[in-house]
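Novice: Dock chain B against the given chain A, drawing on the hints supplied.
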Amino acid sequence: MTRRRRTALFLVAAVALGLLLVVALAGLPGVGHYHGVYGLGIQRIAVAQRKATDIVNSVTFDYRGVDTMGEEFILFTAAIGLAILLRELRGESRNSDEEEGGEEKGGEEDDEGDGSEGSAEPERRHRATSATLRVAGQALVGPLVVLGVYVVTHGQLTPGGGFQGGCILAAALFVVYLAGRYVAVARVRPLPLIEVAEALGAGGYAAIGIGGLISGSDFLFNFVPLGTSGNLLSGGTIAALSTVVGLEVAGAFSLVLSEFIDQRLLRGGGT
Amino acid sequence: MNVLQAVVLVLVALAGATVVLTRVPLRQAVVTGVFGLLLAILFFVFQAPDVALSEIIVGGFVLPAIVLLALAKLREQAQSGAADE
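Residue numbers (the numbering used here), protein chains in the order written: chain A, -2 to 268; chain B, 43 to 127.
The set of hints was computed from the structure by calculation and includes no laboratory data. Please note: incorrect hints may appear among the correct ones.
To be verified - Some but not every residue of chain B turned toward chain A, in silico, with C-beta under 8 Å:
#1 PRO91
#2 ILE108
#3 LEU111
Said to hold, decoys possible - According to the in silico footprint, chain B covers these stretches of chain A (three or more CB under 8 Å from chain B):
#4 151 to 159
#5 162 to 174
#6 250 to 259
Ideal Cβ placement from N, Cα and C applies to all residues, glycine included.
In isolation and in its complexed conformation, chain A is listed as follows (with noise of 0.2 Å):
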């Protein structure tokens, strides 16, 4: 096919597509009139049955807490399976290094074989962190985990909850290797740690949903006292519920941020 007619195929389906597109945006309702039956009934009761202010956490991990199970586990899932593929890889190259004479060496021999070379790519890899990255990355990390903690102990009165406190607890940890180096890293992330967080999130969750069995009731039936709507302790299993999820998730995304930083540094040999 032609350059030309394959514009004209586009054309003719962009326009078809932007007409489409048009129609149905003229049929939604405006912003902010909502029209969803569940929406509004869930927005009248919820706050009053589960005593939890935010009612987006009282529908994801009470009323729809089997979906975020199922969401969890993917998350699990992928972590596990991105782990296990770049792990291949570091052996995979750990064996072409042998053929070359030698892992442990691997390194060095890079950065010799870049100084022949005589490029200007190694002086930019070895470059020092800037000041201003590592006083501000410095700077960031104890705040950030404190917000993390916090949005993931607060799900059920503050927007917020394990999912979001767990991206920020693992940022954190980014923040350390952006503002200083490996070695810093290395020492305040104890991979097995993260493993047993991952492992204990996923695995909380199914054992809170059991809990609800046990209680007599259904798989994650809220079976905690819901305490009074406001209190720090309220909402029953969900605040529980919010923090396996918060450990899953930190876990799960610094468990890829790791395997991705060693990718990039075990071969390099910079430290």
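Specialist: Just chain B now, kept in the frame of chain A:
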């Protein structure tokens, strides 16, 4: 829809187009981060602060970081490949 929402919608559309039109992967990764942050502002303006929170981290940070790390790895491989020959 108020003015702020309209402005942010237009900004997100522009940023999205910029991401597509940026052809250099390295720059594209950075522009994607900016796009992610704008998207987070959009979510916030449309009263979804929890989604905005995760979008800040995932769209503005994790995704560009992973792309950047992958690019660095690729460049290294290309370099060591050139050194071997």
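Novice: Each hint should be assessed against the structure and marked as holding or not.
Specialist: Each hint tested on the structure:
A distance limit of 8 Å between C-beta atoms decides the matter here; for PRO91(B) the minimum to chain A is near 4 Å, and the interface restraint holds. Here the hint on ILE108(B) is kept, as its CB sits about 6 Å from the closest CB of chain A, short of 8 Å. With a least beta-carbon distance of about 4 Å to chain A, the hint placing LEU111(B) at the interface is held under the 8 Å criterion. Remark: the region 151 to 159 of chain A is confirmed as covered by chain B, as 3 of its residues place a Cβ nearer than 8 Å to a Cβ of that chain, reaching the required three.
Look at the region 162 to 174 of chain A against chain B: 5 of its residues bring a Cβ nearer than 8 Å to a Cβ of that chain, three or more, so the hint holds. Residues of the region 250 to 259 of chain A lying with their CB closer than 8 Å to a CB of chain B number 5, which satisfies the three-residue condition for coverage.
When the structure is compared with the earlier hints, no violation turns up for any of them.
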